[in-house]
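Engineer: From first to last, the protein sequence lines are chains A and B.
The opening position of the first sequence corresponds to residue 368 in the working numbering, with each subsequent residue numbered one higher.
The opening position of the second sequence corresponds to residue -3 in the working numbering, with each subsequent residue numbered one higher.
In case anyone wonders, no lab produced these hints; they're calculated from the structure.
Among the clues, some could well be false.
[Claimed, not checked] Distance ranges between label pairs, derived from CB positions:
1. B:12 - A:449: 44 to 50 angstroms
2. B:57 - A:385: 41 to 47 angstroms
3. A:463 - B:14: 37 to 43 angstroms
4. B:10 - A:382: 24 to 30 angstroms
5. A:385 - B:77: 32 to 38 angstroms
6. B:105 - A:463: 38 to 44 angstroms
7. B:14 - A:429: 35 to 41 angstroms
8. A:389 - B:9: 26 to 32 angstroms
9. A:430 - B:1: 26 to 32 angstroms
[Stated by the list, open to error] Some but not every residue of chain A turned toward chain B, in silico, with C-beta under 8 angstroms:
10. 436
11. 437
12. 438
13. 465
[Unchecked claim] A few chain B residues facing chain A, derived, Cβ under 7 angstroms:
14. 25
15. 28
16. 78
17. 82
18. 85
19. 89
20. 90
21. 96
22. 100
23. 102
24. 103
25. 107
The beta-carbon is built from N, C-alpha and C at its ideal position, and this holds for glycine as well.
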Amino acid sequence: DAGVTQSPTHLIKTRGQQVTLRCSPKSGHDTVSWYQQALGQGPQFIFQYYEEEERQRGNFPDRFSGHQFPNYSSELNVNALLLGDSALYLCASSLQGTTEAFFGQGTRLTVV
Amino acid sequence: GDSVTQMEGPVTLSEEAFLTINCTYTATGYPSLFWYVQYPGEGLQLLLKATKADDKGSNKGFEATYRKETTSFHLEKGSVQVSDSAVYFCALSDRKGGGNKLTFGTGTQLKVEL
């Protein structure tokens, strides 16, 4: 049983560019959440998707957007990249109504 | 809003020493509490959880008890190993709206030496 998979594992982008990160949830899970983890910090909640809709959102600007597909996979899009967007982006999947979340290995984004 | 406070690291211990990592939280309602572990270059792995007051979560020799009266969820292990070296995150889930948004502490790095 594959766990949560994220792609790509590493990415380098230039300021002002746009980026798309992808996540496939654990089999049987229907909810996907995205987190940003800056170096030396705890993960910060970006948003959560369920039934192809954004259900909860953290304190992140509109430059951060997402999508969930009918197969429950998800994308995180970040526009107009800033140097401060450099971080590890983590995807977590869960079953709606439960408390346990499983994390992927993350995508390391570097903005230069 | 919800918040989690962890003790600062790094914590350096000798193998077979006793481990305590303190965690306190602020939340409305009755959150679920978690400890996650992150090894270098990897994502987060759930270590243990507790969903209501006085519950004890345990896994791989690690334990933590949900203390509502002190709003704490301290992580303990009786005898650490070098392989336990990692960063440990305390987190809570508010369960609002049926979702499970996690609020994390800043993490505590543990280094275990021979």
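Engineer: Decide, hint by hint, whether the structure agrees.
Structural biologist: Tested hints:
{"no.": "1", "hint": "B:12 - A:449: 44 to 50 angstroms", "result": "46 angstroms, holds"}
{"no.": "2", "hint": "B:57 - A:385: 41 to 47 angstroms", "result": "45 angstroms, holds"}
{"no.": "3", "hint": "A:463 - B:14: 37 to 43 angstroms", "result": "39 angstroms, holds"}
{"no.": "4", "hint": "B:10 - A:382: 24 to 30 angstroms", "result": "46 angstroms, violated"}
{"no.": "5", "hint": "A:385 - B:77: 32 to 38 angstroms", "result": "44 angstroms, violated"}
{"no.": "6", "hint": "B:105 - A:463: 38 to 44 angstroms", "result": "33 angstroms, violated"}
{"no.": "7", "hint": "B:14 - A:429: 35 to 41 angstroms", "result": "48 angstroms, violated"}
{"no.": "8", "hint": "A:389 - B:9: 26 to 32 angstroms", "result": "39 angstroms, violated"}
{"no.": "9", "hint": "A:430 - B:1: 26 to 32 angstroms", "result": "29 angstroms, holds"}
{"no.": "10", "hint": "436", "result": "19 angstroms, violated"}
{"no.": "11", "hint": "437", "result": "19 angstroms, violated"}
{"no.": "12", "hint": "438", "result": "20 angstroms, violated"}
{"no.": "13", "hint": "465", "result": "7 angstroms, holds"}
{"no.": "14", "hint": "25", "result": "13 angstroms, violated"}
{"no.": "15", "hint": "28", "result": "4 angstroms, holds"}
{"no.": "16", "hint": "78", "result": "22 angstroms, violated"}
{"no.": "17", "hint": "82", "result": "14 angstroms, violated"}
{"no.": "18", "hint": "85", "result": "6 angstroms, holds"}
{"no.": "19", "hint": "89", "result": "5 angstroms, holds"}
{"no.": "20", "hint": "90", "result": "9 angstroms, violated"}
{"no.": "21", "hint": "96", "result": "5 angstroms, holds"}
{"no.": "22", "hint": "100", "result": "3 angstroms, holds"}
{"no.": "23", "hint": "102", "result": "5 angstroms, holds"}
{"no.": "24", "hint": "103", "result": "5 angstroms, holds"}
{"no.": "25", "hint": "107", "result": "15 angstroms, violated"}
In terms of the numbered hints stated before, the structure departs from hints 4, 5, 6, 7, 8, 10, 11, 12, 14, 16, 17, 20, 25, listed from lowest to highest.
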